[in-house]
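Going line by line, the protein sequences match chains A and B.
Counting in the working numbering, the first sequence runs from 1 upward without gaps.
Counting in the working numbering, the second sequence runs from 929 upward without gaps.
Some hints here could point you the wrong way.
[Said to hold, decoys possible] Across the chosen pairs, the derived CB separations fall in these ranges:
no.: 1; chain 1: B; residue 1: S961; chain 2: A; residue 2: F903; range: 53 to 63 angstroms
no.: 2; chain 1: B; residue 1: Q1449; chain 2: A; residue 2: S508; range: 56 to 66 angstroms
no.: 3; chain 1: B; residue 1: R1056; chain 2: A; residue 2: A395; range: 22 to 32 angstroms
no.: 4; chain 1: B; residue 1: K1332; chain 2: A; residue 2: P428; range: 41 to 51 angstroms
[Stated by the list, open to error] Straight-line Cα separation of at most 30 angstroms, DSSO-like style, residue types lysine-lysine; simulated pairs:
no.: 5; chain 1: A; residue 1: K399; chain 2: B; residue 2: K994
no.: 6; chain 1: A; residue 1: K637; chain 2: B; residue 2: K1328
no.: 7; chain 1: B; residue 1: K1057; chain 2: A; residue 2: K444
no.: 8; chain 1: A; residue 1: K444; chain 2: A; residue 2: K463
no.: 9; chain 1: A; residue 1: K41; chain 2: A; residue 2: K147
no.: 10; chain 1: A; residue 1: K875; chain 2: B; residue 2: K962
no.: 11; chain 1: B; residue 1: K1213; chain 2: B; residue 2: K1332
no.: 12; chain 1: A; residue 1: K147; chain 2: A; residue 2: K95
no.: 13; chain 1: A; residue 1: K854; chain 2: B; residue 2: K994
no.: 14; chain 1: B; residue 1: K1374; chain 2: A; residue 2: K430
no.: 15; chain 1: B; residue 1: K1328; chain 2: B; residue 2: K1374
no.: 16; chain 1: A; residue 1: K435; chain 2: B; residue 2: K1057
no.: 17; chain 1: B; residue 1: K1137; chain 2: B; residue 2: K1213
no.: 18; chain 1: B; residue 1: K994; chain 2: A; residue 2: K886
no.: 19; chain 1: A; residue 1: K399; chain 2: B; residue 2: K1057
no.: 20; chain 1: A; residue 1: K100; chain 2: A; residue 2: K47
no.: 21; chain 1: A; residue 1: K890; chain 2: B; residue 2: K994
no.: 22; chain 1: B; residue 1: K962; chain 2: A; residue 2: K430
no.: 23; chain 1: B; residue 1: K994; chain 2: A; residue 2: K768
no.: 24; chain 1: B; residue 1: K1418; chain 2: A; residue 2: K430
no.: 25; chain 1: B; residue 1: K994; chain 2: A; residue 2: K875
To be clear, the hints were calculated from the coordinates, so they are not data collected in a lab.
Glycine residues also receive a C-beta, built at the ideal position from the N, C-alpha and C atoms.
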Amino acid sequence: MAAFIVRMGPLLVLWLAVFLSGTWAVDRGNFKTCDQSAFCKRQRALKPGQSPYRALLETLELTNTKLTLQLINDNNKVRLLLELYRLQGNMTRVKINELKPLKPRFEVPDVLINDPPTEPLSLLSQDENGVVLSLGADSQWLIVSAKPFRLDIMEGREVLLSLNSRGLLAFEHLRIRKDTQVDPEGAEKKEETDAANELAEGETAKEDGMWEETFKSHTDNKPNGPSSISLDFSLPGVEHVYGIPEHADSLKLKTTDGGDPYRLFNLDVFQYELFNPMALYGAIPVMLSHSAQRTMGIFWLNAAETWVDISSNTAGKTVFGQMLDYVQGSSETPQTDVRWISESGIIDVFIMLGPTPTDVFSQYASLTGTQAFPPLSALAYHQCRWNYNDQEDVAAVDKGFDEHDIPYDFIWLDIEHTDGKRYFTWDPHKFPQPKDMLQGLMDKRRKMVTIVDPHIKVDSSYKIHNEIRSKGFYVKNKDGGDYEGWCWPGNSGYPDFTNPEMRAWWASMFAYDQYEGSMENMYTWNDMNEPSVFNGPEVTMHKDALHGNWENRDLHNLYGLYVQMATAEGLIERSGGVERPFVLTRAFFAGSQRYGAVWTGDNTAEWEHLKISIPMCLSLGLVGVSFCGADVGGFFKSPSTELLVRWYQTGAYQPFFRAHAHLDTPRREPWLFGPENTALIREAVRQRYALLPYWYQLFYHAHHSGQPVMRPLWVEYPQDTATFSMDDQFLLGRDLLVHPVTEEGGRGVTAYLPGKGEVWFDVHTFQKHNGAQNLYIPVTISSIPVFQRGGSIIPRKARVRRSSSCMEHDPYTLFVALSPKRFAQGELYIDDGHTFNFDKQKQFIHRRLSFANKALSSRNLAPGSQFITPSWIEKIVILGASKPSKATLKTPDGKENLLEFEFDASMSVLTLRKPGVNAGVDWTVVLQ
Amino acid sequence: MSCALLLLLTSLALAMGTGTAVEIQRPRGVPQSKRQFYEENKPFTCLDGSSTIPFDRVNDDYCDCKDGSDEPGTAACPNGSFHCTNAGFRPAFIPSSRINDGICDCCDTTDEYNSGATCQNTCREMGRKERESLQIMAEITKEGFLLKQQLIHEAKRGQEDKRGKLTELKGSKKGLEGKVEALRTVKETAEDPEKEAKERHLKSWEEQKELIRMEKDKTRMAEAFLELDDDADGYVSVAELQSHLELDPDSDGSLTETETQGLLGGEGKVDTSTFETVWSGIKDKYLSEGLLDPPAPVETPQEEESRDFVSDHDSDHYPEDYAGEEEDVEDDDEEDDDHDEEEEEKVPPTVQTPEKREDDELSMPPYDTETQSLIDAAQKARDDFDEAERALREVDDQMKNLEKEIGFDFGPSAEFAYLYSQCYELSTSEYIYRLCPFNRVSQKPKFGGSETNLGLWGQWAGPEENLYSVMKYDHGQGCWQGPNRSTTVKLTCGKETVVTSTSEPSRCEYLMEFTTPAVCQEPASLDEVLHGHTEL
């Protein structure tokens, strides 16, 4: 749900009147452009050129773990301290802070999972112009140039990446305010001089907004004055950069010359527009660069408002121009330049040097952790709506799914289930017996999610509010009182989730005896955690609000992460540390992947929004957040039946699969559009359920090694430049390629099947297609174009039941798609589906399935693990096979059984009947 | 691997009346009616004929038949179905996917034979309950159907009455029309002499008024002269007149000597007779010295005040236009309009000119008796005519209403006619819902607040075979960014006519359940009902 509208108290109406004045589109005027954000304007006014910064080489110190060096700004003589680290796993960390700041500057806590382990740096050479350091084994060097200061990371003779090469390093040092109210003019002059030293000349302090800034009716008091930072990066040889979600934009990031930079600032944006760099609900300051030679990443660890400029020396050129360059051989090397600007904090940047996409994912995972391994059921289908009205409604919808034989695992309750938007409570009339309701769902082996938002109704009869207030856990306003703002319940307080004590208390509120009416099959949804403040600047918290000693300005983008962190911890604690939590969040930051799922917020029931769900989730996957989805059907407005069907078909193949709808839209449960459409939706959902073993295995890997579940094609085909900008199709893991139909009235799609010499099999027809081709696929309304890579083995459960829990012990069907060399490999991962025992007690099964030399075998991949499953192998379907004379199953007890089989010569499909062997043991099937 | 797979179900069928037990064997999940296709130890042919398999592959937990018919008792086939006998209750088919899924679906527990789920056999209990409720329903239907016959009878009679009334009204309409025409002639005949007499009277009054006015003017002139002639020398001089600033021809605030002289026709002073010509030039502006302290112009401040009030009023009410409960908006607007009218009335009328007051003081003398009697006669003719016309209109209205009512679709036998012009209410925790069949549905908050229109009578909207089971009301009050409110009313058989429940399944789309004898169907015999649903 979310997005503000209707049903608010009359005191909000004026605000609403302003807010609703627009039509169906974001009201851009509510959100700042770079020009309206004083520090961005100041920083952006600074043009590339000679940097005023100089490295003071005489201050260089090299220890086992790091190099330190002072930098001086020759204009104002302010000194900075540079720290350089070589991190294990081919990463370099660059930290720049003031040498002697007036007071400490904010350094982001709780995002890195540990102090990243270092590797020694060694000094190769030094002269008055700079120093050369060795970055470990791969003939990588780091060159520190003294004047102007600049860093270059080289491999051999090739520059991989340069810092401050365009001289855009700018560090606004903390200072004492020199003006007074008595003599504003004189003060302005002084400020002017000071400002001119650092940034653009000729602007007055007032215009600079260094000490105060007003946007619309909101004044931001800046007691600490200017504090912004900026640094540029040059990426020679790079034409494609990705990441820095969340933006409603294409997968490949665009250059920002002539427009606004991409903005990272967690905001509740009402009816967001597509294809622009405006900030949305979450922010992950990680950018990936990719070329056919190398993949790298830049992780800018800063939680303040951030803007990212991207320019390219080839972006402006036409294809013809590029061809001409190529033919004439006169081209300059393509290069992408990136510039990061943040409002406060320090420069703390991790350069992930790859060189492969997989390496970058591992590198980033080693810093911020991996995707939380969700309960299996969370990967199944979720049915949500703002709102399911009451217990009877929930029961009726639940029954509707059974009557129409459509599986689902979770039904969701939005804000209306509470008693007056007091979270952790129930509306006494609509939900008088929540436990009866939950028990009813449990009897069907289904689950529920209730919403718990971070804004707390200011109401002295509300226990949660009273406790937070009495413990002093609320965020404070600049004057030290409890910060209050408007949200769903009316006047609300905002708990200070940055405070670990607050988080511990919050987590304890999820205990079964605290959250009355909750049960173990009830999970949580954190919405509005940017945080959304209806009457705040840009619909969020005032930047001068205080979290302990820090301003919201310093850590704004972290708030949402902390909310989800505390909530997930609560769900773990209530089960005594046994059960895996499931928490959905709207706001997020780097590291949020450790706590659950995210969704793309309040989208709209339009075809373009269906399309954008692909690049939005791909971008998130690249920077660690695999558990991503968009509201199926679209949140605002009402989808056409065709759009709804297509959205189910697309959502069934995206990680987080939840239908959701706005309060004011007509009902859209899957069976409300006639039997044909019900059947189409049923089929899409059933395909999802059948594929759950593969989804679960992908998430196990995401959790284990940080590899994204939903991947752009270039991740697996890094040298195939045709794939670099593709975002209308994607891979699930390595082995499934999905090209959903996202065009209204679509009669066909053109899918690109990558891989020269590879083959792909249509998963529905088993038709074989060659790789490295654009394949036109005629489609009907029932088509979901999905292909399995030749060379892979995918496990499915063909017995789709009414919830994933009901399928727990069901047998597996293995789909073996042979490569042209008659080889295939895959995995099978099984555990209890919901506890941490897979981790703590190694209770899982992980097997390597491989087909080679006409034999398919299952071998243990994790000898230290143990788990007993009743599941068995029901059927083996081998695609691209030839007809054997016999098939023999060999089991570890030495027995050999002949298997019956069927062979479809027209499609070369061999089906082995009922091997019957337990899924957890070694076995081999030999074809002769 | 899952379970032993060829479990034969032994079901006991009690031969009715004899009490002897006969054992019939069939594979798990097969209904009695298909038993003959599953013959033990003979190859099994899929029911769609697609292939034939050895019998030991029936229920072996692997799907061999495309139609799922080889696995009636396991979950192996995606499109299979499982038959529960449910002895004591109704037999049922469930999708194969519900076999051994840990959830008890069949009341005889047969679907969960290998899942570890502990199911209780509830068939007997359910059968009992169902029989009870069927019995109750049957009784209700029976009584309801009787009531329906009565309703049909009444409706028929009512309909006849109405048609009779209509014919009657048509007759009296004709008479009334004639009467109206006759009276119109009478009225017009009486009005001509009345008009002439009145005009005569008015004309003489006008003449008389003119005389009086001249008289008054003369008096005022004499008074003015006396007033102006400060030195009482029988002349009004420039100096004497100059104090009357209101006479300033160029309104520049000062009355110069030259200007004053101009007013006096160029003379330095004038006597009474010359003053007559001067007077005609100044009398419109002249203010008697008694009134000379000029009263502040009353209009201006009052105008401002009233304007202020209106703007205050606007801003006061501005937010309500956006009030969260958009239902209120319309009503608020109405209220606003009312306010506006009131305010207008409250604004004091603009100050009247003295002349006007004078005119008012002079009232016309009563008509002479002759004229008055003409007027009285005409008035009576008018009254008679109006009355006749009103009577005609009333008859017209009655006819229209009757025609409308007769024209309504009250069901195949007009059994719904009794609902016309009735209203039925249901009180929930928050609202009182009101259904006025064939008219409208509305909702009123229990604790204050205005009524919301949930839809006006639209049409019968049941499925083709049962059109009269659903009523649709639409074009209710609009929703924010949404459609107009509408209500679907589902009718079920009941002895009483009541609204039993309301809900809003989708925003602004209401659902109402309504019982009425009018939809009760002729009951089958109770035995039939009970028998048709039980397989023993």
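These are the hints, each one checked on the structure:
no.: 1; hint: S961(B) with F903(A): 53 to 63 angstroms; in the structure: violated (36 angstroms)
no.: 2; hint: Q1449(B) with S508(A): 56 to 66 angstroms; in the structure: holds (60 angstroms)
no.: 3; hint: R1056(B) with A395(A): 22 to 32 angstroms; in the structure: holds (24 angstroms)
no.: 4; hint: K1332(B) with P428(A): 41 to 51 angstroms; in the structure: holds (46 angstroms)
no.: 5; hint: K399(A) with K994(B); in the structure: holds (28 angstroms)
no.: 6; hint: K637(A) with K1328(B); in the structure: violated (43 angstroms)
no.: 7; hint: K1057(B) with K444(A); in the structure: holds (23 angstroms)
no.: 8; hint: K444(A) with K463(A); in the structure: violated (33 angstroms)
no.: 9; hint: K41(A) with K147(A); in the structure: holds (27 angstroms)
no.: 10; hint: K875(A) with K962(B); in the structure: holds (28 angstroms)
no.: 11; hint: K1213(B) with K1332(B); in the structure: violated (67 angstroms)
no.: 12; hint: K147(A) with K95(A); in the structure: holds (19 angstroms)
no.: 13; hint: K854(A) with K994(B); in the structure: holds (28 angstroms)
no.: 14; hint: K1374(B) with K430(A); in the structure: holds (17 angstroms)
no.: 15; hint: K1328(B) with K1374(B); in the structure: violated (36 angstroms)
no.: 16; hint: K435(A) with K1057(B); in the structure: holds (26 angstroms)
no.: 17; hint: K1137(B) with K1213(B); in the structure: holds (22 angstroms)
no.: 18; hint: K994(B) with K886(A); in the structure: holds (24 angstroms)
no.: 19; hint: K399(A) with K1057(B); in the structure: holds (21 angstroms)
no.: 20; hint: K100(A) with K47(A); in the structure: holds (27 angstroms)
no.: 21; hint: K890(A) with K994(B); in the structure: holds (29 angstroms)
no.: 22; hint: K962(B) with K430(A); in the structure: violated (47 angstroms)
no.: 23; hint: K994(B) with K768(A); in the structure: holds (24 angstroms)
no.: 24; hint: K1418(B) with K430(A); in the structure: holds (23 angstroms)
no.: 25; hint: K994(B) with K875(A); in the structure: holds (15 angstroms)
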